[in-house]
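All chains should be modelled from the sequences, with the hints used to inform the complete structure.
If you use this note's numbering, the sequence shown corresponds to residues 56 to 425, in order.
Check the hints yourself; a few may be wrong.
As the list claims (entries may be wrong) - Between beta-carbon pairs, the in silico distance windows are:
| # | residue 1 | residue 2 | range |
| --- | --- | --- | --- |
| 1 | G405 | T205 | 52 to 62 Å |
| 2 | R180 | R149 | 32 to 42 Å |
| 3 | R370 | E305 | 46 to 56 Å |
| 4 | D154 | W249 | 20 to 30 Å |
| 5 | T251 | I317 | 22 to 32 Å |
| 6 | E305 | G85 | 47 to 57 Å |
Stated by the list, open to error - No farther apart than 20 Å at their CA atoms in a straight line, the calculated lysine to aspartate or glutamate pairs in the EDC-like style are these:
| # | residue 1 | residue 2 |
| --- | --- | --- |
| 7 | K93 | D224 |
| 8 | K93 | E200 |
| 9 | K93 | D203 |
No wet-lab data here; the hints were simulated from the structure.
None of these values were measured; they are calculated from a predicted model.
Idealized CB from N, CA, C, for every residue including glycine.
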Amino acid sequence: MDIKNGTRSALIVGAGIAGLTAASALRRRGWLVEIVEKDAEGTSAGWGLSLTGPSLRALDDLGLTDRCLAAGYGMSVVTNTAPDGAESTFEFPRLIGRDRPAMAGIARPELHRILRAEALRLGTRIHFGLSVSRLGLENGRARAELTDATTRTVDLLVGADGIRSAVRDLIGRPTPIRYHGQQVWRALIPRPGWATGIHTFAGTGHQTGVVPISPGQAYVFLTENDVRPEDEPAPRMEDLMASFTGRAAELRSLVARSDSVIRRPVRTTLTASSWSGGPGVIIGDAAHAPSPQTASGAALAIEDGVILARELDDRPDVPEALRAFALRRGERCAALVETSVAVAALERQGRHHESYPLIEACHHRMALPA
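Okay, structure coming up:
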């Protein structure tokens, strides 16, 4: 797709999934785009993530789906194993054609590499170690003071700076971050030959599982309800998996040899009020961060970037377009965040079998047009 000619300018705060996607989508529509990212160049936390059907569908709009499939691991089925060993399966909706997988697992750094390369190829300027310290208005445009004492005056200010968004507060949309009494552990391992899709294994309290992210690699995840952050990560994760049998026990032995164990608290946020203020808007986790149980946080972030650009293309008035964007996205994103919270609560109570229908219904709902 050729880049349209135009003179409208955008400053995006955050070079994560939402920010990089929005940058490419806006550049393709002629916007002059600059990104500031507070972290150092090349940092990308986390081992892997799931690109579900809605993610791949939105990436198709940017011509990036096949690149992501080549860098990741395409699959279509989730296999859930109950504590008694009984198995049930769920097939993800195929949204990009019957000859392509329903979803893909991918290493987070690989996805960032693809998104960043495309944004740069299209002419986006990215500055690392830089963020926004103050926002104001100047003749209806956003005036941003940056942490290096420089300023930018732009037609559009996009806050894609994550669950602890500074932009969210700066545009007057403070939103609490909720902790759900869980930590998720992850470890990078060689992909077991039987792991050709996502596998989950429910224990009496905790749950573990494996997600392939390339032909040779996968990551093991484990949810822990009783948090003991003082423990060393790898031995603690191995200890938590001690009660699992069967294939999950094989995963435990692989975790024991992994030098890449990380843990993250399960937190969510949802901005209930408008996501925009004048020429400023928040997207991705800054507006709606689900828990990881629904594997759809990346899908919402990628959709946000693509749909934001479409709404701005349809409406020349930026504040009007931002209001339309938030209205279009609000119900879908809220439903997914609320479902993820419900699933996390069921997991904490050991009611894993009740969470599976919620997750399946969530993915069918997400299959509807964004």
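Verification of the supplied hints:
no. : hint                    : verdict
1   : G405 x T205: 52 to 62 Å : 53 Å, holds
2   : R180 x R149: 32 to 42 Å : 37 Å, holds
3   : R370 x E305: 46 to 56 Å : 54 Å, holds
4   : D154 x W249: 20 to 30 Å : 24 Å, holds
5   : T251 x I317: 22 to 32 Å : 25 Å, holds
6   : E305 x G85: 47 to 57 Å  : 52 Å, holds
7   : K93 x D224              : 16 Å, holds
8   : K93 x E200              : 14 Å, holds
9   : K93 x D203              : 11 Å, holds
The structure meets every hint from the earlier list without exception.
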